[in-house]
Amino acid sequence: MSTPAGHLNSAVPRLILLAKSPQPGLSKTRLCPPLSPQEAADLAEVALIATLAAVMSTPGCEPLLVLEGPVGDWTPPIEVLPQRGNTLGERLTAAFEDAHGPSLVVGMDTPQVTPELLTQGLEQLRCPEFDAVLAPTTDGGYWAVGLTRPHPEAFLDVPMSTPWTGAAQRACFERLSLRCASLPELTDFDLFSDARRVALEMPDSEFARAVDRLCVGEASAWLTIPIARGR
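Numbering (the working numbering) for the sequence shown: 1 to 231.
FRET-style restraints, in silico, Cβ to Cβ:
1. P184 <-> Q38: 32 to 42 Å
2. R209 <-> D73: 17 to 27 Å
3. S57 <-> C215: 20 to 30 Å
4. R149 <-> P24: 34 to 44 Å
5. R197 <-> R149: 31 to 41 Å
6. C127 <-> S36: 44 to 54 Å
7. V216 <-> C127: 42 to 52 Å
8. P128 <-> P37: 42 to 52 Å
Quick caveat, the hints were computed from the structure, so don't treat them as lab data. Ideal placement from N, C-alpha and C gives every residue a C-beta, glycine not left out.
Kindly produce the complete structure, drawing on both the sequences and the hints.
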């Protein structure tokens, strides 16, 4: 269900999942090829469900789903707000504004995230010596970001989806005199090779099983490619 931002309880920290509804041709398009648009959307849904489970299992916070696109059968009982803004930076800024108070935002590209990691980020936001939290990814980006309060310039001019996004974000916090804590580095998945690495980090999971099934399908596709033979 959708709830106006003003109805949210500002007494507890927010744990925000910034996500895109899994839809063929719109979700995880960099997985194609080798995956089809439907396969990419299906894997995105598995990742989203895993991340939602971690968010919903994290104690001492108010979970919030900030979503681009429609809700679906995968949506648990959680407050839902639509994403606002055109760029990722604008959408992050809007998510923190809607949440009002201390908030940690996580994306849907690291399904191996655990409630323990998310709790660590929320605890860092409660520490008086920190104003922000940043969780790096192995490709130079970040999988989570937190602020003790909304800041209109926190994401201004930070290039997104580049190998230096994380460094640029940390530099932005430094320019704004925001003291930044760190969370452990994780692998996020944009390409299918990334998904394979993430699956190895969570072997007994639905995400790993989904990747295994897709790997079998990928191998079968290669085996069916006709081979030109010389005369």
